[in-house]
Every structure is written in C-alpha cells, then in structure tokens.
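Engineer: Chains as they are written, first to last, in the numbering used here: chain A, 3 to 254; chain B, 3 to 294; chain C, 125 to 414.
Hints are computed from structural coordinates only; laboratory data are not their basis.
We treat Cβ as the ideally placed atom computed from N, Cα and C, and that holds for glycine.
Since no wrong hints were added, every one of them can be taken at face value.
If you anchor each label on the Cβ, the simulated ranges turn out as follows: (1) C:Ser157 with B:Phe41: 48 to 56 Å; (2) A:Asn14 with B:His287: 27 to 35 Å; (3) A:Pro183 with B:Arg12: 43 to 51 Å; (4) C:Phe135 with A:Gln19: 48 to 56 Å; (5) A:Ala124 with B:Leu6: 27 to 35 Å; (6) A:Arg96 with B:Ala116: 37 to 45 Å; (7) B:Leu50 with A:Asn62: 41 to 49 Å; (8) C:Gly223 with A:Arg96: 22 to 30 Å; (9) C:Leu351 with A:Glu125: 55 to 63 Å; (10) B:Val68 with C:Asn182: 41 to 49 Å; (11) A:Glu125 with B:Arg12: 29 to 37 Å; (12) A:Lys24 with B:His287: 30 to 38 Å; (13) B:Phe232 with C:Ser157: 32 to 40 Å.
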Amino acid sequence: MSQNFIAIDGFNFYYGQSKCLKNITLGIAPKEVTSIIGPSGCGKSTLLRCFNRMNDLIPNTRIEGTIHIDGQNIYTPDVDVVDLRRKVGMVFQRPNPFPKSIFENVAYGLRINGVKNKEFIAEKIEQGLINAGLWNEVKDRLHENALRLSGGQQQRLCVARALAIEPEVVLMDEPASALDPIATAKLEELIVELKKKYTIVIVTHNMQQAARISDITVFLMQGELIERGKTSEIFTRPTKKITEEYITGRFG
Amino acid sequence: MFRLKEKIIRTAFLINGVLVIMILAGIFLLLVLNAMPTFKEVPWKEFLTGKNWNPSSDYNPGYGIVSMIVSTFMVTLGSLVLAVPIGIGTAAYLSDVASPKVREIAKPVVEILAGIPSVVIGFLGIVMVGPFIAKMTGTYSGLNALNGSVLLAVMALPTIVSLCEDALANVPKSFQEASLALGASHWQTLVKVKLQAASSGIIAACMLGMGRAIGETMTVLMATGNAPAFPSGFLNSVRPMTSTIAIELGEVPYFTTHYHALFAVGLVLFLITFVINMIADIVLHRYESKLR
Amino acid sequence: MKSYKKAQTKFLEQVVGFGFLRLCMLIILGILSVIFFDIISKSWGVITWEFLTQSPRNGMAEGGILPTIVGTVLITIITAIFSVPLGMGCAIYLNEYAGTGKLTRLIRISIRNLSGVPSIVYGLFGVALFVEAMHFGTCILSAGLTLGLMTLPWTITASEEALKGVPMSYREGSLALGATQWQSIRTNVLPYAIPGMLTGTILGLARAAGETAPILFTGAAFALPGLPKSLFDQFMAMPYHLYIMSTQHHAIEIVRPIAYGTALVLILVVFLMNLSAIVLRYHLRKSRQE
Chain A
3 MSQNFIAIDG FNFYYGQSKC LKNITLGIAP KEVTSIIGPS GCGKSTLLRC
53 FNRMNDLIPN TRIEGTIHID GQNIYTPDVD VVDLRRKVGM VFQRPNPFPK
103 SIFENVAYGL RINGVKNKEF IAEKIEQGLI NAGLWNEVKD RLHENALRLS
153 GGQQQRLCVA RALAIEPEVV LMDEPASALD PIATAKLEEL IVELKKKYTI
203 VIVTHNMQQA ARISDITVFL MQGELIERGK TSEIFTRPTK KITEEYITGR
253 FG
Chain B
3 MFRLKEKIIR TAFLINGVLV IMILAGIFLL LVLNAMPTFK EVPWKEFLTG
53 KNWNPSSDYN PGYGIVSMIV STFMVTLGSL VLAVPIGIGT AAYLSDVASP
103 KVREIAKPVV EILAGIPSVV IGFLGIVMVG PFIAKMTGTY SGLNALNGSV
153 LLAVMALPTI VSLCEDALAN VPKSFQEASL ALGASHWQTL VKVKLQAASS
203 GIIAACMLGM GRAIGETMTV LMATGNAPAF PSGFLNSVRP MTSTIAIELG
253 EVPYFTTHYH ALFAVGLVLF LITFVINMIA DIVLHRYESK LR
Chain C
125 MKSYKKAQTK FLEQVVGFGF LRLCMLIILG ILSVIFFDII SKSWGVITWE
175 FLTQSPRNGM AEGGILPTIV GTVLITIITA IFSVPLGMGC AIYLNEYAGT
225 GKLTRLIRIS IRNLSGVPSI VYGLFGVALF VEAMHFGTCI LSAGLTLGLM
275 TLPWTITASE EALKGVPMSY REGSLALGAT QWQSIRTNVL PYAIPGMLTG
325 TILGLARAAG ETAPILFTGA AFALPGLPKS LFDQFMAMPY HLYIMSTQHH
375 AIEIVRPIAY GTALVLILVV FLMNLSAIVL RYHLRKSRQE
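So here's chain A without its partners, still in its complex pose (with noise of 0.2 Å):
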C-alpha cells in the first residue's frame, strides 16, 4: 500500500436509495497519470469526487469505506474539508472561470489562502500560467475579464488557477469534453508534462485520450471496478472480456 498515494478500501457510495459505486478497492500511485473509463452513468466521476469530497455538497448521499490520501483516511471527522481540497486540486468537466480579471482568477485560490504579498502573488501567477502552458498567450492582457479566453484557453486557465496553491493532486473531470481536437491536444501535452510534479487523476470518456495520456488506466462499469491496470496492457490486452467489449466499442 505504501506507493499508493492513493488508497482506495471496500468504498460505497449511496444516492438516496441506489448505491452508486460498489466496493471499491483501488490504488493510485503518485506521479502518475491514472485514468478512469467507463460508460456514462458508471460513477465515475463520482469516484473522482470523493476524492476532494465535493460530493459532501449533494444532499442525500452517504458513503462506506475509506479513501486515504498520503496516509491519511479522509472522511473521518477530524479531517477538514478546506485543507483537504487545497492537498487535491480539481479541473471541472467545462472551464468554469470566475467572471474575474485573468489575474485574479489564478491569485484567488492564494488571496483565500490569506497570502497578502503583491510579489508573491504575481510570482506564483507567472509560474502557474507557465505551468499551464498559458503565459505567452495571456501576459499581455492578464487584468482582461477571463470569459473573453477560448474556450481551451479557460480550461488551461482553470488548470493554473488549481496549480497556483500547489496541490499534491490534480483530479480532473472530462476535462477536454468541452474543447475542440487542438485544445484538446494542447491541454493533453500540459497533462503529460504536469505529472512530473503531481499526481494526476483524470476521468474521461474518450478511450484514445486515457490511451495517450495515462500510465494506469482503471475500468469503471455499474459502480463495479471492473479492471485495473497499465494503460499499454488493458489496451492491449485486457484480462476481461467486458473490457475488450467496451474499449473496442462494442457498447458504451
């Protein structure tokens, strides 16, 4: 267990009545790009969001089983909810800028943080669009209201907004389904070169994009883990038939 940055033990997850993921044992290494596939409706991204516990906002829902992140359970009581969620960053399914200046979109996860210093600040802008791969196209115009970005652009926005407070873990929620191919391929070269530093969860629904951006690839099926495993073999060759069925696109 202890490469695993990320351990996942007998989780459950309950909407109301129906249980929406089912006893699921998982790890995620650090450093490394997992990706988790699955069919629309499978849990996936409700996997990705108990891991930040930004399910905690939906009434109705409760959980079994624990999620521990760099040795420690999550959802025990003692855990606080804010620091949690600055340790694991999260890139959301449409680029959702905040109707801000460019500037203040990156500085606002640090000003909450209650960093007062101009420079600072500046400096871990500078170095966050840098990280984002945004710089060059946006220091001119960085007090611009960032709903004027491309739509990819944003998306890389709110990828430095997330980098800026130095988290250890980036999850990202079908962050590309709402760009076209070269955003998307732009955003999946930042992805790649990102993992050097974070640990990366990215839950997408584009079978080519898990095969190649991620290191472990894990198969998400009616709340069931079906498969883990390198990304090379499960697409190669996968140990269940209902894999092979869904990643050649048989169904789904």
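Mind docking chains B and C on chain A? Use the hints.
Structural biologist: Quick look at chains B and C alone, frame taken from chain A:
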C-alpha cells in the same frame, strides 16, 4: 475544533433563518395575548355569533363580529366574481393569443397596476367609482359593498393574472402538441387541455388573490361606506373586519376591552388568511409534484 | 360537406373565444388608462414647485406636502435598514447553508405565510410590539420597523431568486480551491447576486412606501407643525395624507385638488423607485457581460 469562524458565521445565518419562524409565531402570540382579555368581559360565543358590534355604547355594548365577517366575505366574493374571469382570460390571452411583442408590452402594464398603492385605489373609489355607482343605481353616495368589490377586483387582478400565467406556462408543451395533432383547434386545446392541466395552479392563484382581498384594508376602508350593521345587499354600506380595526384602533383608549376586542378581530383575520394561504399552498404543492 | 361545416363552427368558436380573451386584456388596459387619465388630468395644475417644497397651510387646505414626502422617505429608510440585511441573511441561509430538512421547510412555510398576513395585522403587531412592549411610542422608528417586518418576506424571496441565479460552478470552483464556505459565498457568490438582490429589494421598498394600514397607528400623524427631528417623533406620510385628505378633512371637496396632487406624487415616487430598480438591473447585467 477547527474553523470556529465558519461555524459562528453559519450559526448566525441559521439564527437569521429561524428568526422568520419566530416572527410569524410572534405575530400570532402577540395577537392572542392582546386578544385574550376581551373574553373576560365578552363570552366567546357572543363574540363569534353576535351580529351587534357596538363596543363604545355605554348602556348596551355589543361585541359580535358576524356582521363584519359577512361583510368581508361579501366584498371579497364580489371581487372574485369580477376578477377571476377577467384574470384567467387575461392570463390565457398573454400565454396563448398575444404575440411576443404584445406580451412584452402587456406584462409590464399588469405589473404597473400591481404597483399602484392601495390608498390610491381607495381614493379613486371615492372620487370615481362611487359617483358612477350612485348615478347608475340612484343610491346616495355609491360608497357600498359593490364599490369595495370593484376596487378589490382591481387589486386582486395582477396577482391572479401573473400566477395563472405561470400555471399555464408550466403545462408541458407535449400536452398541447398532442391535442393539436388530434385535430383540436387552438381554442379547444386551450380550454379542454391547458386550462384543465393548469387547474390546480389557477385555483391556487385565485385563492391567493382571495387572501389578498380579505386582508386589504385601505380600499375597503375608504370605499365601502362604513356601516357596522348587518349587510343586506351589495348596494348597502358595509364594514369589513379590516376597516373596523383601522377606524377604531386609532380612537380607542389602550388596554380597554374595546382595544383588546380589536386584537381579537385581528386574530380572526389572521387565522382566516392563514388557512386560505395554507390551502393554496397545499393545492399548489400537489400540483407541482403531479407535474414532476 | 358535413366535416366542412364542423370545421367552420370550430373556427367560429375560436374567434369568439379569443375575442373574449382579448376583451379581458382590454379591460385591464382600460382600467389602467382611466386611472392614469383621471389622476393626471386632475392633478396636473396642482403640482408646482411650491406644492413639493412647502408645508400645508391654513388647516391643510393650502400649501404643499413637503412633510409627507420627508416622512415617507424617512420611514422607507428605516424599513430598508431593518429588512434588507435580515432578508438577505435569511436568503443566504436558505440557499447556501440549509439542507432540505424539516427546519428548512418550516422556514419556507413561515415566509409564505408572512407574505400573506394582512397589512392591518402587521399594524396591530407593530402597536403591540414596538409602540407598547418596547415603549418606542408612535414614531418613525415604530412605523419603519412595522413596514420592515411586512417587507421581510418579499426581500427574502427576491434575494433568494438572485442567489439562485449564480451558477453552481462558481461555488464548486472556489470550494475546490480550498475556499471555506463563507469565503466562497463572500467572494464568489454575493458579488454576482447583490445586483439582483438590490433590484428585488427596491421593488419591495416601493410597495412599502405606498402602504398605509401598517403606519396608521404606529406613528403617522394627521398634521404636524414642523418636520420630525428624531426617530422618536411622529411623522406625516404621503399615503396617510391622501387618506386624510379624501376622507377625514372637514372640507373634503375644497381639498380635493390637494388629494389628487398627493396621489400623483405618491404614484410617481413608487414608479420612480420601480424604474430605478429596473435601470439598475439593466446596467449591472450589461456590466457583468463585459
């Protein structure tokens, strides 16, 4: 524990939320407390069943509220007879007949009507509707139940129109399409499908309009002529509950039986509107869950 | 031939039916035009600079209505100070913090019922609580607070609508960055909801400014020698003045023009408030899109 500040803020907002319950409870409680002393002097039964309201009389004081309750309902029902058909008709016009352009102009017009203060409507009852009624019917002043009904109809119309329009807008498009596809005309679809599907919403709208009308004070105070006797017709002057409180509370010495009796009238008024609003609420709620 | 005839009756039915609906709309338009025509035509000559800037004279049979305008403005300010923060706070609790439990349901039922409580009952409550129990007496403060209570459900509803208009992604985005809930609300929800909150609130205050019944016994006065000097003074107010001038004055026919003038000024004040709310909404919407 961590994040004490967050907890304090959360609790503050919670208290703020609970305050609303306390205000409603407080209104009820203060009405009850101030109404209770009435019944040391006046028996419950006389209060609720007596027709004679004459608290300031020295030798034969009467504390019966039947006359004013009947007046209230008479004026209110009169207003509904006028306002409900016109209100539903206008709502149906806005939702099914009017072009988008007309609708854009007509909707603010209805809102403007809602924005006219009730005292202005009451004033118009005195200077316009009253003389008109007097001329048409040959009565002396035209300040009577009919006048009150007309004015209350004007006041209830915007409520009824906008809520009925919401109800009609909430009818799923598929109902309408199914009916039109069966060869029904637009009018048949409106009457037989849409109005029926929206009926609970429309009933709720009318009940809320009724609640409004029952509680309306200034218009009836100014236009119904203020005769505390038992009403005998729409051309007679009447005095509904709200007017009675408005006229007498200003003149009565505090903490007399008369003063407390006015709170008792207020309590009855509160309970009546409370019940009507709750029924409207239940009807509406059931309707909404049916559509889902 | 038979079916053709049937279609014709169907068509006729529709023409008559729609005609009735049009008539309903025309009736409402007619009512509104008659109201405005009557008031404007009979008050046009009355409204002069003196009418707006002088006190009533000669047993209120001459002069202006300045004290009533001042009084209405003052109580509306008290109303706003009381009901705006409380209304917004309650809306924030309901939309941002509260779950779907029994307490939330009870709060919502209370709000709906409060908005149905007759205005005269608010007046009684104001007498019992502010005038009597709290010993404020009949004054600006008591009347303003009474109107504030009456406005509260409207402010809450308007504020909640505005909060609902802020996309969920703003909240999720900031919470995912490790913002606490209050940080998220303060920095990423309220700034975008406040324009809508203000618009709805001003509409509610406009209604409060035109109300008469709640201030009848909580502080409005027939006539006063001068302008109020403190919150604990009685005051004159436009709606109450109109009531007095049309029913209680000893020479009602003579003061009728003054009543008309007061009615027009009152309507104009209420409409100006509504208009400013609409203009405010328009501008803030535009500036947000940029």
